[in-house]
Structure formats: C-alpha cells, structure tokens
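Asker: Protein chains in written order, with the working numbering: chain F, 1 to 362; chain E, 1001 to 1375; chain L, 2001 to 2152.
Don't read these hints as lab results, they were simulated from the structure.
There could be a bad hint or two in this list.
Computed cross-link-like contacts, DSS-like style, restricted to lysine-lysine with a CA-CA straight-line distance of at most 27 angstroms [claimed, not checked]:
| # | chain 1 | residue 1 | chain 2 | residue 2 |
| --- | --- | --- | --- | --- |
| 1 | E | 1059 | L | 2035 |
| 2 | E | 1059 | L | 2084 |
| 3 | F | 73 | F | 89 |
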Amino acid sequence: MTPNLYDFSTLTGAIHEWLSGMMSPGWVTFTELVLIGLLFLLFFALLGLFLVYLERKVCAIIQNRVGPNRVGKWGLLQTIADLIKLLIKELIPIRKSDKFLFNLAPFIVIIASLMAMAALPFAKGLQAIDFNIGVFYVMAVSSLGVVGILLAGWSSNSKYSLIGAMRSGAQIVSYELSVGLSLLAIVVFSGSMQLSTIIESQADGWWLFKGHIPAFIAFIVFLIASTAEINRGPFDLAEAESELTAGFHTEYSGIKFAFFFLAEYINMFIVAAIAATVFLGGWMPLHIGNWEGFNQVMDFIPSIVWFFVKTFFIIYVIMWFKWTFPRLRIDQLLTLEWKYLLPVSLVNIVLIAFLVLMGWHF
Amino acid sequence: MTEEIIKDVIIGESEDYIINVGPQHPSTHGVLRFEVCLQGETVKYLIPHIGYIHRGIEKMCEAITYPQIIHLTDRMDYLSAHINNEAVCLCVENALQVEVPERVKYIRTILAELNRLASHQLWWSAFGMDLGALTTFFYGLRDREKILDIFEESFGSRLLHSFVMPGGLMHDVHPNFQKGIKEFIKYFRKKLPEYDQLLTGNVIFHQRAKGIGLMSKETAIAYGVTGPSGRGSGWSCDIRKIAPYSAYDKVQFNECLETEGDTFARYQVRMREMHESLSILEQLVDNIPEGDYTAKMKPIIKLPAGEFFQRVETARGELAVYIVSDGNKSPYRIKFRTPNFSNLFVMNTITSGYKIADLVAVSGSLDLVIPDIDR
Amino acid sequence: MLSREELTEIIRGIVPEAEFPEGTQLTEAIVPAGKLVELTEKLKADKQSAFDYLISHTAVDFNTHFMAVYHLTSTQHHHLLVVKVKIEERENPEIDTLAKVYPTSEFFEREVFDLFGIRYKNHPNLKRLFLEDDYGYPLRKDFKDEVNMIER
C-alpha cells in the first residue's frame, strides 16, 4: 500500500554507505551526527527567518496592510535585515541581575526547541531519530523550554519579567496536561508511540477522519492547548504587551532577545508539525479507503510537500488566532484549562478507549 | 488613599509588591504613571502620578490674546481638538454677546461630531490593542483616515486644526466639504458593522469586559466621571442635551445610556455614540445654510470685566471653560475643567480588587488622554 | 430647575451673611470660609437644590486676596451655582477641604494647592500634583520665572 515514490531513505542510505566505505563505523556515526546537527541548525535559522516573514505577511493581510515589501522581492529579505540588526545590537547588561542565569536562559529555551525537532518526521525516510517513544519524547523535551522562561524572568531582576515568568510557568504546567491527553487519544488509536508507526497507521486515512468525533475533539483541544503552551496569542500572557510591556524578555536585547523570538517561532513550527503528524497523517498523502485511483494520484505529490503544506496550514491557523482574538486574563486562562479542556479530554480518552476496544474505528 | 499607605510607599517598609505602570508603558497611552500595589496578580490599590506633560497652559493663557488661546486648547485633548476650540469660542462669544451666523453653528456642530467620531474610532482601536486584539488598531485607523482627509481638505491640517475662531470660523469650508462628508457617512455605515464582528461579539472580549471595573452612578457623580464613561454608569450627563450649544438644539439624537457601569457598558456607549454621531451628521450635512462664515468682530477682542463659564461635551466628557476677565485683551485667569482629569482619579476606586489585566482594560475604557489631564 | 431668586433664598436660609453679586452670568454666592462645608453639605442634601456634582474647583489670585471658586450643579435639576470663598491671607492661605462632600474635590484641591499654594485643612492627601516640591506657586500673580514665562 505504501508507495515508494520520493522515499528519502534511498538518499540517506546512499550517504550512509558512501561514508561507511571511507571510514570505521564509529567515525561514520560521528560524521553523521555532525552533518545532521549542521543541517538542523541551518534549517532552524532559515525556518525561523521564514516564519517571522510569514507571520508579518499573514498579519498584514488580516489587518488590511501590505506588510514588508521594501527589502528584496516582496520584502523577502526583510527578516535577514532584521537579523543583522539584532546581531549588531548592544547586549545591555542589567545591574543586580543574576548574570549566569540571565545569559543561560535564552540557550535553554532554544536548545529545548532544537531537541524537539530531532524526532520530527519531515518526509518518508527523513527523520533524524525514530524513537519508539517519539510522542513522549517530543512532549517531554518541548516542555523544557519553560525552565528557560522562568530563569529569564527571575534572573533579570525586573518585576514585570517576574510576573511574566510566573504566568508562563502556571500556564505551561497546566496546558501540558491537555496537550498530553489529546496526543494520547491518537496513541490509543494507533497503538504506538512511535511517530513512524503513527504515520503508517494513517495510510488509509488520517486519524482526524478515521477517529470519528473523539479524534476531532482531541484535535481541537490540541490546537488550543498547544497554542497556549507556546505562549502565543490569545494566550500570550507571559509577554502580554499591553500589561507587562514584554513579560519575561523585557530586559533582553540584541541576539539574546532574538533567541527567545526565534524559539517562539520554532516552537510554533514544532507543535504544528506534531499536529500535522499525529492528526493529519504527517507526510502521508491524503488517502481515502479503497479509492485506488485517487490514492495513486495523491501519491505523486512528494511526501515532503504534504508534510510542509499540512504544517503551514496549522501554523496559519495559529497565526489567525493571534491576530483576531483579544488576550485572555490569567484566571480565565486557568479556568479554561482546568474546568473545560481537561475534563473534556479525560472523557474523550475514555470514549476513544471504548471505541478502540469495540473496534468501531476504521 | 490613607495616610499609612502613603507612608508605606515612600518609606518602602511594607512587603507590598509595587510596580510602576508608566510613565513609559504601552497601555497608558501617554506619559502617565500608576503606582500599582499587587498581591499576586490582584491590584490592592493604585496611585496615579501625573504632571509629566504639564505645560502650564493656564498660566500661558494669562499672557496671550483670545485668538491665540484657541491654538493652545488644541494641545489639551488633542483627539477632540475642535471641541476644545469651540468651548473657548463659545465662552468668548457669550461674554461679548455676539450672535454667530447659522452657517457657523451648523459647521461647528458637524465638525464636532466628525471629531467625536474620529476620537471614538481611535479609542476603539486602542482599546482592542489594550485587550490584546491587535487587528482593531488598523481597522479603526483606516476609517479615521477618511475623517482626517476631510479635515485636511478644508483646514489644511489633520489633527490640531484651530479652525474655529471667536465669532465664527477662520475661513469658509472647502466646496467639497458636504460631498466628502456624505461619502464618509455612506462608507462608515458599511464599515461600522465590521467593528462589531471583530470585537463586540467575541466571547473572550465579553469575558474580559463584562463585570470589570464596576462604577456605580453615585461613584461616577461623586468623582465627576463624565462623558461616555459616566453614561456607562447610567448618569445622564450629556451637555449636548442638558445645555445645548451650537446647532445641537436643531437635531434629533439619543443620549446613549447603559446602566451596568462596567467596562462593557462604557464600550457599548461609545459604540452607540458612533451611530448617533452619524445620524447627527446626516441631519445636518444637507441643511447647512448659506451665509457668512464669521460674525463681525473687532480686530482686537477684549472681554468685558467679569466671569464667564461655558460647558461643552467633548468625546471624553464635560469640558468647562471658566474665564475671569479684567477687561483686557487677555484673560486675567482661565481655568479648563478637563474631562480626563476627573475621569483619571476614579481609577483607584474602580480597579482595586481586580486583576492587573483588568487595570489595562479599565483604563482603556475610560479613554484617557494624558495631555488633557496635565494641561 | 430653580431660578436665581429661589437659589438665593435657599442659600440665605443656610448662610445669612452670604453676598450675592449682581449682573453675573451664573448665580453666585460669596460665603465666609467657615461656612463652606456646612453650606455645600446642606445644598447637597436638600431635595430641592440637590447640588450633588462639583463641576470644577479653582482659585483666582486678585493680588490682594485669593478667591476659591466652586462650580456646582445638580444632576437632576441642572441648575448651576457658583460658590466663592474669599481668602484674605496671602502668606499662608488656608481653607476647609470639601473632599468629604465631593470626592472629586480632593484632586481639584491638590491642583489648586500645587499652583496657588492654598492649603486645605483635613485634606486626606495634600501633595503637589504636577510640579516638584520646591517649585514656586506659578498661578500666583507675583510668581516670577525669568526664563520660561511670557509676560503679558
């Protein structure tokens, strides 16, 4: 059933064999690690720049504006100009701040989001590590970022930052539950935590369609909760501009600020990618049951295109949220999680377990 | 504000967590500082500190002539600049017993309503921003631009136009004036529902605004909170109804009252006032009488000795001008009772006990313009 | 809405020594400093006058004396009244606060204190509002600032 078209494993396999022919197995692993690391760093930087550009264009369209249009064709180089500006800006030292933690915090945030990327399946055969507990790993690692945010807020010795960090802590700890439970829904459906297995299980249709209403509910809950987890509007209380000026990163400048900024966008990409992978089939093309002809036509579209189209669709939805909704208040935010999302997801899990037990899903 | 609170703040002995909101803060809309005492996220009390933009307008006015004063009044509430101008002009005309031509009255009223609309549009934009809905800003400013274009065409300036002079207008309006306004009314009638779609019906917005910053009618009267903020508490305080000036006695309009007294009520009052302003414009724009654009005035305006008082309704509340004249060409003493001054000091009463995010919402709903407080 | 005569009558009933200048735009009453709080309290409580809203409070410097001016109105009847208090003392002018009767008065009084140097007895928080503590009292006619002031 699964097509062999555009399979990246042939490419990666070829590289592996070529390297094996030149050096000992230990060195091969080392070289591959370095290569993958460099590739990810490059991808990370480019993706961050592109997402910032995309957000500015999307928000411009929503707000009846043109958006960046001066630097390069359609303003494509605008974010590169911004990056150069951020790189040459002064790093303002804060008196009475905890210097070590202050400097460490941006790295924790950015490393957490970089680590989460390792397990993402970008296309068929294009995945750095295929953990057997992939979903669990991604969730665990992506929630590390909050440590960096808390450190940033605490160490900068600013009251605004501290409030922002505390809000962020409460928010992420709460919403972690809903994110976990909604992902668990699909884990129950597919019977595996391995991301590649979850994708394979969607070869005859995405879980969003196969899983009846419970999967749809889980998807909605995941979208809301993950938007909250990455501190984006309407849940951007940690940096609520009109209340706390910039929240936890008020005191940061230059490239350290850029790290927070970049991490926010990469996190958005990660949650969108997870949503795409788990609910929308990842790189798996759109297949409908037994329609052989239709499925084969769909297979002609490369898997990497499928993955990025789905991911960017969800990124667009998350951006859409931010630019239309007002911000929630902290108590409303926690009410939403503990009184609505969490009970809903718990009931949902029970429903799904029942469905799977009776074998009623496709 | 009791004695011990002040002691605590200055000496710093208390355990209170005090943050300064302002003087440079995105949601104070100007250089205003709130000293906010927090308990967790909850506001315990709040002390406003003002004077960052105090220019001594009242002192300056004692040395300049009445036509010159007009230009200073623009700089108080710059968002309802025309209505400020009109207040001084009405007071001077009242003192001199000058009857201005009908045409002037109509044009002044039209301009005042256009200015009110522009002000409310900007308020709506900024209020959405305060609550985190960033898109409102561009919707509001898009439509405000149309009004400013009308102003620019007739007076050459967009914001502070000082177009009204004692006795009438600086010069006649542009021939396109009526046409421009009619086009604007048609345009804005179509665009106003968009405001409701984007913000008014939003569930999150309802949660953020309803029941927040409750101000009873008694509180509003006691603190002198006028304008849409006072009317949101059910206090019928519209000077246009109580003591009609210019052409307000010739038009039909409703005073928008809400009784809840919360942030959402103040929001609703302003939204409804936009509709009312449009309807006033519709009634006036076709009926502007022909005639002179100014009454005959002496080249040097000298008020008779005495005291003169005039109240007008700006976009934010009641502006009262009190002139003490000793018969000279400049006033002996001039006092501007500005709406924002009184509206500001109710903040402590209506925000204590709410969250810090509500503080932003409430100060947004009071629609404070800081130069108007400091003068 | 009470007419000028009726208002005069009511005020005379409370403060017999009040003066009523003729030929003014609004109804005016000049009352002694000691009677101000009593007068306003009674005018506010009286159902007929019901002066519950203090529009503005300010002062005027007449070189020889200060005049504290209160503009009152009623939210039901919409009649206007100007209450004036003459303060003869120039060195250390003092007057009773109206903060208990009209809370909004607290801040008008702080403004007047800031710009005229008139002290308010029993004021809850008499601090300068706009200017620094060592600045003069700019709205007094004898205030001099060679650098920043425009002369008449």
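Asker: If a hint holds in the structure, say so; if it doesn't, say that too.
Answerer: Comparing the hints with the structure gives:
no., hint, result
1, 1059(E) - 2035(L), "violated (30 angstroms)"
2, 1059(E) - 2084(L), "holds (21 angstroms)"
3, 73(F) - 89(F), "holds (26 angstroms)"
Of the numbered hints listed earlier, the single one contradicted by the structure is hint 1.
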